[in-house]
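**Q** The chain contents come next:
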Amino acid sequence: ETGVTQTPRHLVMGMTNKKSLKCEQHLGHNAMYWYKQSAKKPLELMFVYSLEERVENNSVPSRFSPECPNSSHLFLHLHTLQPEDSALYLCASSQDLGSFGNTIYFGEGSWLTVV
Amino acid sequence: GENVEQHPSTLSVQEGDSAVIKCTYSDSASNYFPWYKQELGKRPQLIIDIRSNVGEKKDQRIAVTLNKTAKHFSLHITETQPEDSAVYFCAANRPGTYKYIFGTGTRLKVLA
Numbered sequence: 013e014t015g016v017t018q019t020p021r022h023l024v025m026g027m028t029n030k031k032s033l034k035c036e037q038h039l040g041h042n043a044m045y046w047y048k049q050s051a052k053k054p055l056e057l058m059f060v061y062s063l064e065e066r067v068e069n070n071s072v073p074s075r076f077s078p079e080c081p082n083s084s085h086l087f088l089h090l091h092t093l094q095p096e097d098s099a100l101y102l103c104a105s106s107q108d109l110g111s112f113g114n115t116i117y118f119g120e121g122s123w124l125t126v127v
Numbered sequence: 030g031e032n033v034e035q036h037p038s039t040l041s042v043q044e045g046d047s048a049v050i051k052c053t054y055s056d057s058a059s060n061y062f063p064w065y066k067q068e069l070g071k072r073p074q075l076i077i078d079i080r081s082n083v084g085e086k087k088d089q090r091i092a093v094t095l096n097k098t099a100k101h102f103s104l105h106i107t108e109t110q111p112e113d114s115a116v117y118f119c120a121a122n123r124p125g126t127y128k129y130i131f132g133t134g135t136r137l138k139v140l141a
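Residue numbers (our numbering), protein chains in the order written: chain U, 13 to 127; chain H, 30 to 141.
Some hints could be false.
To be verified - Now the in silico label distances, taken between C-beta atoms and shown as ranges: (1) His36(H) to Ser77(U): 17 to 25 Å; (2) Val24(U) to Lys138(H): 24 to 32 Å; (3) Gln94(U) to Arg90(H): 40 to 48 Å; (4) Arg90(H) to Thr28(U): 49 to 57 Å; (5) Glu85(H) to Thr28(U): 30 to 38 Å; (6) Thr28(U) to Glu108(H): 47 to 55 Å; (7) Val127(U) to Pro124(H): 21 to 29 Å; (8) Gly125(H) to Ser77(U): 35 to 43 Å; (9) Gly113(U) to Thr107(H): 21 to 29 Å; (10) Thr28(U) to Glu34(H): 33 to 41 Å; (11) His22(U) to Glu85(H): 36 to 44 Å; (12) Gly125(H) to Thr28(U): 38 to 46 Å; (13) Gly45(H) to Thr92(U): 48 to 56 Å.
Said to hold, decoys possible - With a straight-line Cα cutoff of 20 Å, these simulated DMTMM-like cross-link-like pairs (lysine to aspartate or glutamate) come out: (14) Lys51(H) to Glu68(H); (15) Lys71(H) to Glu120(U); (16) Lys51(H) to Asp78(H); (17) Lys48(U) to Asp46(H); (18) Lys53(U) to Glu68(H); (19) Lys128(H) to Glu64(U); (20) Lys71(H) to Glu56(U); (21) Lys71(H) to Glu36(U); (22) Lys48(U) to Glu108(H); (23) Lys52(U) to Glu31(H); (24) Lys53(U) to Glu108(H); (25) Lys34(U) to Glu34(H); (26) Lys30(U) to Asp97(U); (27) Lys34(U) to Glu68(U); (28) Lys52(U) to Glu34(H); (29) Lys52(U) to Glu68(H); (30) Lys138(H) to Glu108(H); (31) Lys128(H) to Glu65(U); (32) Lys128(H) to Glu68(U); (33) Lys128(H) to Asp108(U); (34) Lys48(U) to Glu31(H); (35) Lys128(H) to Glu31(H); (36) Lys128(H) to Glu96(U).
For the record, the hints were derived by calculation from the structure and aren't laboratory data. The beta carbon of each residue, even a glycine, is placed where N, CA and C say it ideally should be.
Just need the whole structure built from these sequences, with the hints factored in.
**A** Next comes the structure, spelled out in structure tokens:
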């Protein structure tokens with residue numbers, strides 16, 4: 013299954029590093045998302061893009077910087093992260109925005125460890 | 030703010046038994062409730078959903094029930110198999126937005 017693919021799957025970075033997570037969707041969807049998944053916490057919506065325009069920046073620290081160059085690709089640029097940022101970062105897409113019957117398709121996630 | 034409470038956080042059942050996971054939501058306007066399954070190291074995947082105009086929906090061994098008055102909905106898995114072992118997430122939508130409120134997940138272990 014290759015609907016939503018994420019790279020890298022695992023990333024270890026120091027607090028002074030700069031790295032990027034990449035996401036690509038092959039479903040022809042118009043909306044893309046970044047979620048953060050931490051142990052024993054609900055999925056946390058970070059950013060939402062619709063047709064390449066950002067529609068949500070959910071009070072996320074500026075050390076996370078998204079980029080959506082086209083409707084198929086989404087990046088999450090990371091710099092000067094903190095250890096508490098260690099988590100699974102899930103990219104997702106959906107046909108459109110709207111939460112009624114609008115299935116969200118997730119990627120397999122990027123495991124981020126900040127040391 | 031709106032939230033979704035999910036219970037239990039872990040659940041162990043013998044193979045062949047049934048498993049029930051319950052979620053309670055706070056926003057009475059929520060009208061769409063998906064359930065996601067996330068196997069170890071894999072992506073969350075939609076397994077079943079229900080809209081507020083129905084009380085129950087079935088798909089083979091899984092079913093979801095909705096009680097709008099009590100604002101809770103449940104996932105039922107019958108004749109459990111080892112491959113049902115995973116983390117299950119419920120969610121409720123926020124009508125008029127693109128947002129979902131997710132539960133904290135239930136780790137289901139099916140013991141052979």
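**Q** If a hint holds in the structure, say so; if it doesn't, say that too.
**A** Status of each hint after checking the structure:
{"no.": "1", "hint": "His36(H) to Ser77(U): 17 to 25 Å", "in the structure": "violated, 37 Å"}
{"no.": "2", "hint": "Val24(U) to Lys138(H): 24 to 32 Å", "in the structure": "holds, 29 Å"}
{"no.": "3", "hint": "Gln94(U) to Arg90(H): 40 to 48 Å", "in the structure": "holds, 43 Å"}
{"no.": "4", "hint": "Arg90(H) to Thr28(U): 49 to 57 Å", "in the structure": "holds, 50 Å"}
{"no.": "5", "hint": "Glu85(H) to Thr28(U): 30 to 38 Å", "in the structure": "violated, 54 Å"}
{"no.": "6", "hint": "Thr28(U) to Glu108(H): 47 to 55 Å", "in the structure": "holds, 53 Å"}
{"no.": "7", "hint": "Val127(U) to Pro124(H): 21 to 29 Å", "in the structure": "violated, 42 Å"}
{"no.": "8", "hint": "Gly125(H) to Ser77(U): 35 to 43 Å", "in the structure": "violated, 28 Å"}
{"no.": "9", "hint": "Gly113(U) to Thr107(H): 21 to 29 Å", "in the structure": "holds, 25 Å"}
{"no.": "10", "hint": "Thr28(U) to Glu34(H): 33 to 41 Å", "in the structure": "holds, 39 Å"}
{"no.": "11", "hint": "His22(U) to Glu85(H): 36 to 44 Å", "in the structure": "holds, 41 Å"}
{"no.": "12", "hint": "Gly125(H) to Thr28(U): 38 to 46 Å", "in the structure": "holds, 42 Å"}
{"no.": "13", "hint": "Gly45(H) to Thr92(U): 48 to 56 Å", "in the structure": "holds, 52 Å"}
{"no.": "14", "hint": "Lys51(H) to Glu68(H)", "in the structure": "holds, 19 Å"}
{"no.": "15", "hint": "Lys71(H) to Glu120(U)", "in the structure": "holds, 5 Å"}
{"no.": "16", "hint": "Lys51(H) to Asp78(H)", "in the structure": "holds, 14 Å"}
{"no.": "17", "hint": "Lys48(U) to Asp46(H)", "in the structure": "violated, 33 Å"}
{"no.": "18", "hint": "Lys53(U) to Glu68(H)", "in the structure": "holds, 17 Å"}
{"no.": "19", "hint": "Lys128(H) to Glu64(U)", "in the structure": "holds, 18 Å"}
{"no.": "20", "hint": "Lys71(H) to Glu56(U)", "in the structure": "holds, 18 Å"}
{"no.": "21", "hint": "Lys71(H) to Glu36(U)", "in the structure": "holds, 17 Å"}
{"no.": "22", "hint": "Lys48(U) to Glu108(H)", "in the structure": "violated, 33 Å"}
{"no.": "23", "hint": "Lys52(U) to Glu31(H)", "in the structure": "holds, 18 Å"}
{"no.": "24", "hint": "Lys53(U) to Glu108(H)", "in the structure": "violated, 29 Å"}
{"no.": "25", "hint": "Lys34(U) to Glu34(H)", "in the structure": "violated, 32 Å"}
{"no.": "26", "hint": "Lys30(U) to Asp97(U)", "in the structure": "holds, 14 Å"}
{"no.": "27", "hint": "Lys34(U) to Glu68(U)", "in the structure": "holds, 19 Å"}
{"no.": "28", "hint": "Lys52(U) to Glu34(H)", "in the structure": "holds, 12 Å"}
{"no.": "29", "hint": "Lys52(U) to Glu68(H)", "in the structure": "holds, 15 Å"}
{"no.": "30", "hint": "Lys138(H) to Glu108(H)", "in the structure": "holds, 13 Å"}
{"no.": "31", "hint": "Lys128(H) to Glu65(U)", "in the structure": "holds, 16 Å"}
{"no.": "32", "hint": "Lys128(H) to Glu68(U)", "in the structure": "holds, 10 Å"}
{"no.": "33", "hint": "Lys128(H) to Asp108(U)", "in the structure": "holds, 12 Å"}
{"no.": "34", "hint": "Lys48(U) to Glu31(H)", "in the structure": "holds, 18 Å"}
{"no.": "35", "hint": "Lys128(H) to Glu31(H)", "in the structure": "holds, 11 Å"}
{"no.": "36", "hint": "Lys128(H) to Glu96(U)", "in the structure": "violated, 24 Å"}
Hints 1, 5, 7, 8, 17, 22, 24, 25 and 36 from the list above are not met by this structure, while the remaining hints are.
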